[in-house]
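There are 2 protein chains.
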Amino acid sequence: MKDAMTVISERKSVRKYTGELISKSDIERILKAAMAAPSAMHMLPWKFVVVSEPDTLKQLSAQLPFAQMLEKAGTAIVVCAVTEEAAGGNEAFAILDCACASENILLAAEALGLGAVWTAVYPDEQLMIAVRKVLNIPGDIIPLNIIPVGYPAGEERAQDKYNPVNIHWGKWS
Amino acid sequence: MKDAMTVISERKSVRKYTGELISKSDIERILKAAMAAPSAMHMLPWKFVVVSEPDTLKQLSAQLPFAQMLEKAGTAIVVCAVTEEAAGGNEAFAILDCACASENILLAAEALGLGAVWTAVYPDEQLMIAVRKVLNIPGDIIPLNIIPVGYPAGEERAQDKYNPVNIHWGKWS
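Residue numbers (the working numbering), protein chains in the order written: chain S, 168 to 340; chain U, 168 to 340.
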């Protein structure tokens, strides 16, 4: 398996999949990585809905303009933020913690030779309502994103996004 | 170097440091990892302030109750979210993208045998104002966190936070 720095730099958004399904064991390894994320005050305010039923994937992709690849990927993870379980009951911490968990999912997929991509649900209220409805998610839970996971068709490559102009040494100015 | 899945599971919050300074080369490798994060619509709405001047670290730790370790770490990275450069000019996307960049920083530090910890600034308005003042950060920029990076004193261990109750298979209910 590749070292961590290589996986971080080679991770890319994969939107084309072969159609081969990933194993339950890989899903569990990916979710273990998700739950290894840091969280404010160690509150772990996250839940994960794993969707692989074709009709459910179809219903989701019908609602989400940027998630048309869900059916072909065959598996999707919906990262859900639970505000009332976050530090101070603060939505911002729930979102931040779940963003870190999501990044771990993307990296774990890359590490396992799989492909994934963050398709946004939050902060779009209409998309959140639609996803909650399809997946029976309670109204106080925030579906942050839908992450399809599958075998990449091999078309996407990581870009080098390093730009030293983004670094301020010492102070901003 | 350890493989990515190991680094993800072994990453922990390091709050005790030896005092030895990390190299500029390691800082740049860590920031390269940060900028490899995904971002909505590929907007890359992030900047990074690298602080190593002892007096500046002292000023920051004086303002931040959970960042008393900054001086001992010797180096700190402040991840800054730039709303006007985010997808749709949306603050939520700036925050999410910078959270992913922050998780990459934490993982890169672990991969390099260093220690780091996310100390929160956002969403606390008073802390954001204080950090902006010390570092001359413009008022429209969001200092998301301060991440000290240094050599770990070796006291902290990762916890196993995997909990299958957090997984919903198929639908939420």
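Bear in mind the hints are in silico, worked out from the structure with no lab data behind them. A hint or two may mislead.
Since the list gives no way to pick one copy over another, a pair counts as held whenever it fits inside one copy or between any two copies.
[Unchecked claim] Straight-line alpha carbon distances no greater than 20 Å define the calculated EDC-like cross-link-like pairs of lysine to aspartate or glutamate that follow:
no., residue 1, residue 2
1, Lys-328, Asp-222
2, Lys-199, Asp-170
3, Lys-225, Asp-193
4, Lys-183, Glu-323
5, Lys-239, Asp-193
Against the structure, the hints come out as follows:
Taking the shortest Cα distances, Lys-328 and Asp-222 never come within 20 Å of each other, neither inside one copy (37 Å) nor across copies (32 Å). Within a single copy, Lys-199 and Asp-170 get their C-alpha atoms as close as 18 Å, and across copies as close as 15 Å, so both meet the 20 Å cut-off. In this assembly of identical chains, Lys-225 and Asp-193 lie within 20 Å of each other by CA distance neither inside one copy nor across copies; the values are 22 Å within and 45 Å between. Taking CA atoms no more than 20 Å apart as the test, Lys-183 paired with Glu-323 passes inside one copy only; the shortest distance there is 8 Å, against 40 Å between copies.
Taking the shortest Cα distances, Lys-239 and Asp-193 sit within 20 Å of each other inside one copy (17 Å), while across copies they are farther apart (40 Å).
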